[in-house]
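**Student:** In case you want the letters, here they are:
Number of protein chains: 2
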Amino acid sequence: MGTRAAVMDNLSMRISARADYAVRAALELAAAGEDTSLKAEAIAEAQGIPHKFLEGILGDLRRGGLVVSQRGGKGGYRLARPADSIPIADVIRVADGPLVSVRGVRPPDLSYIGPAESLLPLWIAVRANVRKILGEVTLAHVAAAKLPEDVLSLADDPEAWTNP
Amino acid sequence: MGTRAAVMDNLSMRISARADYAVRAALELAAAGEDTSLKAEAIAEAQGIPHKFLEGILGDLRRGGLVVSQRGGKGGYRLARPADSIPIADVIRVADGPLVSVRGVRPPDLSYIGPAESLLPLWIAVRANVRKILGEVTLAHVAAAKLPEDVLSLADDPEAWTNP
DNA sequence: ACACTTCCCTAGTAAATCGATAGGAAATCT
DNA sequence: AGATTTCCTATCGATTTACTAGGGAAGTGT
Numbered sequence: 001m002g003t004r005a006a007v008m009d010n011l012s013m014r015i016s017a018r019a020d021y022a023v024r025a026a027l028e029l030a031a032a033g034e035d036t037s038l039k040a041e042a043i044a045e046a047q048g049i050p051h052k053f054l055e056g057i058l059g060d061l062r063r064g065g066l067v068v069s070q071r072g073g074k075g076g077y078r079l080a081r082p083a084d085s086i087p088i089a090d091v092i093r094v095a096d097g098p099l100v101s102v103r104g105v106r107p108p109d110l111s112y113i114g115p116a117e118s119l120l121p122l123w124i125a126v127r128a129n130v131r132k133i134l135g136e137v138t139l140a141h142v143a144a145a146k147l148p149e150d151v152l153s154l155a156d157d158p159e160a161w162t163n164p
Numbered sequence: 001m002g003t004r005a006a007v008m009d010n011l012s013m014r015i016s017a018r019a020d021y022a023v024r025a026a027l028e029l030a031a032a033g034e035d036t037s038l039k040a041e042a043i044a045e046a047q048g049i050p051h052k053f054l055e056g057i058l059g060d061l062r063r064g065g066l067v068v069s070q071r072g073g074k075g076g077y078r079l080a081r082p083a084d085s086i087p088i089a090d091v092i093r094v095a096d097g098p099l100v101s102v103r104g105v106r107p108p109d110l111s112y113i114g115p116a117e118s119l120l121p122l123w124i125a126v127r128a129n130v131r132k133i134l135g136e137v138t139l140a141h142v143a144a145a146k147l148p149e150d151v152l153s154l155a156d157d158p159e160a161w162t163n164p
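Protein chains in written order, with this note's numbering: chain A, 1 to 164; chain B, 1 to 164.
Rather than coming from a laboratory, the hints here were simulated on the basis of the structure. You may find that some hints are simply not true.
For identical chains, the list gives no copy identity; a pair is met inside one copy or between any two copies.
Straight line, CA to CA, 16 Å or less: simulated EDC-like cross-link-like pairs of lysine to aspartate or glutamate [stated by the list, open to error]:
#1 K39 x E55
#2 K39 x D157
#3 K74 x E117
#4 K74 x E41
#5 K74 x D150
#6 K74 x D35
#7 K52 x E136
#8 K132 x D150
#9 K52 x E41
#10 K52 x D84
#11 K146 x E41
#12 K52 x D150
#13 K132 x E34
#14 K146 x D35
#15 K132 x E45
#16 K52 x E159
#17 K52 x E117
#18 K39 x D150
#19 K74 x D60
#20 K52 x E149
#21 K74 x D156
#22 K132 x E41
#23 K146 x E136
Since this is a predicted model, take the numbers as computed values, not measurements.
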């Protein structure tokens with residue numbers, strides 16, 4: 001399409017359904033407590049996530065070492081570590097692949113020429129900033145609705161909530 | 001072939017080829033000066049961008065009011081405003097749509113329930129942060145290879161350049 | 001032992017998106 | 001008129017996304 005009018009996303013920051021679901025599922029587990037285990041179906045119900053889809057995501061979280069699972073009648077999933085030791089960044093990375101890459105190429109391997117040369121440090125700066133936030137905020141923070149001060153102050157600016 | 005660049009993979013930060021090309025094309029125009037116009041073919045050559053693809057992107061920039069065009073023998077594209085008044089964010093937004101989205105939805109339109117309630121302010125905070133950087137840095141900054149101090153200091157941290 | 005529950009694994013699929021290309025119409029210059 | 005360059009529409013193949021289906025493996029309670 002030459003003109004893109006109706007289609008949305010994907011400029012700079014995009015959080016996929018997969019990542020979003022993963023974080024929300026992890027938050028349910030965080031809220032349940034480290035030693036209570038929840039069934040996939042219960043999480044799916046609570047958060048309105050297609051449960052078969054969620055099963056796959058929970059499998060990723062397990063393989064990533066963030067949750068542990070148990071089969072059978074009293075089975076389910078629970079967090080593998082305390083919720084305050086799991087940053088949101090970890091959940092997203094495990095569910096959705098590496099946090100950042102550049103067209104398959106890592107930022108340090110890019111080569112820009114001419115007036116575009118300084119683009120690389122710019123992307124790096126943006127990335128560093130995103131990492132700082134998502135690496136600082138943990139499941140415990142979000143589940144308890146107590147975000148760190150510096151993050152809150154960013155979200156408090158009414159301008160942050162406006163559209164484009 | 002030249003340089004192809006930047007898409008940040010998957011999770012958090014992704015810059016599409018479209019956005020990357022758009023910024024690089026705008027940078028060529030910025031370097032050329034506000035009253036010099038460049039042909040699409042010349043820009044494509046200089047930055048190693050498929051020229052037919054670039055034509056579509058330049059069309060978006062024109063419709064977004066960032067560049068003006070002229071057809072015919074002495075035609076081409078030039079910036080519609082001074083390079084120091086065009087933030088990188090504008091270029092990306094015009095070429096690629098809204099800067100941040102979750103599951104294709106803009107953050108203010110999301111609704112989270114239960115322990116996921118505080119997810120919304122978190123996404124907003126991240127978005128505000130990205131906006132702050134990309135809204136502050138202009139085409140002039142990048143074209144002149146003189147990024148603002150606060151951005152540079154972010155990119156200076158060696159940790160920012162590490163892989164995952 | 002047996003039934004039941006719940007996780008686990010593999011495949012598949014419809015739709016969207018991405019990057020790119022082609023052909024020609026419209027405008028502008030010499 | 002003739003050359004040039006933007007502008008418009010349409011299409012393409014490949015990949016990704018978001019999901020669905022079905023069944024096997026492992027654990028639990030009776």
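**Student:** Regarding K74 and D35, is the shortest C-alpha distance of 16 Å or less found within a copy, between copies, in both, or in neither?
**Tutor:** Result: close within a single copy only, 13 Å intra versus 72 Å inter.
**Student:** As a check of your reading, is K74 near E41 (CA-CA no more than 16 Å) within one copy, between copies, both or neither?
**Tutor:** Classified as within: same-chain Cα gap 13 Å, cross-chain 65 Å, threshold 16 Å.
**Student:** Could you place K74 and E117 in one of the four classes (within, between, both, neither) given a Cα distance threshold of 16 Å?
**Tutor:** neither (57 Å within a copy, 28 Å between copies)
**Student:** One pair to classify: K132 and E34, alpha carbons no more than 16 Å apart. Within, between, both, or neither?
**Tutor:** neither (25 Å within a copy, 37 Å between copies)
**Student:** Quick one: K74 to D156, C-alpha cut-off 16 Å, is that within a copy, between copies, both, or neither?
**Tutor:** neither (43 Å within a copy, 50 Å between copies)
**Student:** Regarding K146 and D35, is the shortest C-alpha distance of 16 Å or less found within a copy, between copies, in both, or in neither?
**Tutor:** neither (22 Å within a copy, 52 Å between copies)
**Student:** Give the relationship of K52 and E159 under a CA distance limit of 16 Å: within one copy only, between copies only, both, or neither.
**Tutor:** neither (38 Å within a copy, 38 Å between copies)
**Student:** Indicate which option fits the pair K52, E117 if close means a Cα-Cα distance not exceeding 16 Å: within, between, both or neither.
**Tutor:** neither (45 Å within a copy, 23 Å between copies)
**Student:** At most 16 Å between CA atoms: does that hold for K132 and D150 within a copy, between copies, both, or neither?
**Tutor:** Both. Shortest intra-copy (11 Å) and inter-copy (14 Å) distances satisfy the 16 Å Cα cut-off.
**Student:** Regarding K132 and E45, is the shortest C-alpha distance of 16 Å or less found within a copy, between copies, in both, or in neither?
**Tutor:** Neither way: K132 and E45 sit 32 Å apart in one copy and 37 Å across, limit 16 Å.
**Student:** Between K74 and D150, at a C-alpha cutoff of 16 Å, which is it: within one copy, between copies, both, or neither?
**Tutor:** Answer is neither: 41 Å inside a copy and 52 Å across each miss the 16 Å cutoff.
**Student:** Checking an output row: K52 and E149, CA cutoff 16 Å. Within, between, both or neither?
**Tutor:** neither (37 Å within a copy, 48 Å between copies)
Violated hints, listed in ascending order, are 2, 3, 5, 7, 10, 11, 12, 13, 14, 15, 16, 17, 18, 19, 20, 21, 22; each of the other numbered hints is respected by the structure.
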